[in-house]
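Protein sequence lines correspond, in order, to chains A and B. The first sequence begins at 1 in our numbering and counts up one residue at a time. The second sequence begins at 1001 in our numbering and counts up one residue at a time.
Treat the hints with care, as some may be off.
Unchecked claim - What the simulated footprint calls covered on chain B by chain A, stretch by stretch (three residues with Cβ under 8 Å from a Cβ of chain A suffice, anywhere in the stretch; the number is not a length): (1) 1020-1030; (2) 1052-1058; (3) 1088-1094.
As the list claims (entries may be wrong) - Just a few of them, taken from the derived set where beta-carbon distance is under 10 Å, the chain A residues facing chain B: (4) R21; (5) A23; (6) R31; (7) Q65; (8) L112; (9) I118; (10) T120; (11) L122.
Unchecked claim - Residues on chain A that point at chain B, a partial pick, calculated with CB under 8 Å: (12) G82; (13) P83; (14) A86.
No lab work stands behind these hints: they were computed from the structure. Computed from a predicted model, the values in this text were never measured in an experiment. No residue lacks a Cβ here, since even glycine has one placed at the ideal position from N, Cα and C.
The primary structure of each chain is shown beneath.
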Amino acid sequence: MRTVSHEELEIACEDDVVRVRRAVRKLAEERGFDPFATAAITTAASELARNVFLYAKPGRAVIEQIDKAGRVGIRLELHDRGPGIADVDRVLSGGYSSRRSLGLGISGSRRLVDEFEIETALGKGTVIRTIKWARFSSRNG
Amino acid sequence: VTGRVPVLRLGSNLLVALQGELEDAVAEAMQQDLLAAIERSGARGLILDISGLAVVDSYVARVLVDTGRMARLMGATTVLVGMRPEVAATLVQMGFAMDGVETALDVEQGLAALSPHRS
């Protein structure tokens, strides 16, 4: 797997969430993602960046274009030094909700991307790594 | 969208076309503006045209559905119209159900759904 481009954005205020969303959307469109794949990765970026802003700021987003045997993809990572996630299973099942989300932030994002990994330690922070390939149904092929 | 959303009056209904990027703070302000507009105008129906929104995440989706529920409590019916295919696919994939608000393909069908003469 080859990294073609690399960009890092801080997430400290609400405008940063918008910046992350825009950067991901721009990259997806430039790299020929179809509208479905573009909407999926952009929405996941929005959910995950907002999550950092709401519960674990400051953090940062790493946005990369990757290439694997001619396949174009976007790797999106969210890093924070927030409180960590105590019950990852519950978060992944969408069990939490709050005024500003439906508890779908992390669980919903996972369903929108092709690869999803979460690494969290209480009191230390969380890293979420995702990959979305250019084709909407690439999960199967 | 810059904070104030233009509201168009169509007979006894209000029409709002949301465009561009709906930021969190803007979405909340929009909700309050719309409820105030319903009260002022005595509208019976509210059409939210979201064909201009390329991305609707769970937060924006929740604001839209909540706006419909709030309008319902006030006595107005909300119809969400023009959702793009990729937005519908994304919301369903995430597990979000737009429960509590009516939907229609476009403004015309939304108005038909609000019409008192509908059969």
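Hint by hint, here is what the structure shows:
no.	hint	verdict
1	1020-1030	holds (count 4)
2	1052-1058	holds (count 5)
3	1088-1094	holds (count 4)
4	R21	holds, 7 Å
5	A23	violated, 13 Å
6	R31	violated, 16 Å
7	Q65	violated, 19 Å
8	L112	holds, 6 Å
9	I118	violated, 16 Å
10	T120	violated, 20 Å
11	L122	violated, 25 Å
12	G82	violated, 19 Å
13	P83	violated, 21 Å
14	A86	violated, 21 Å
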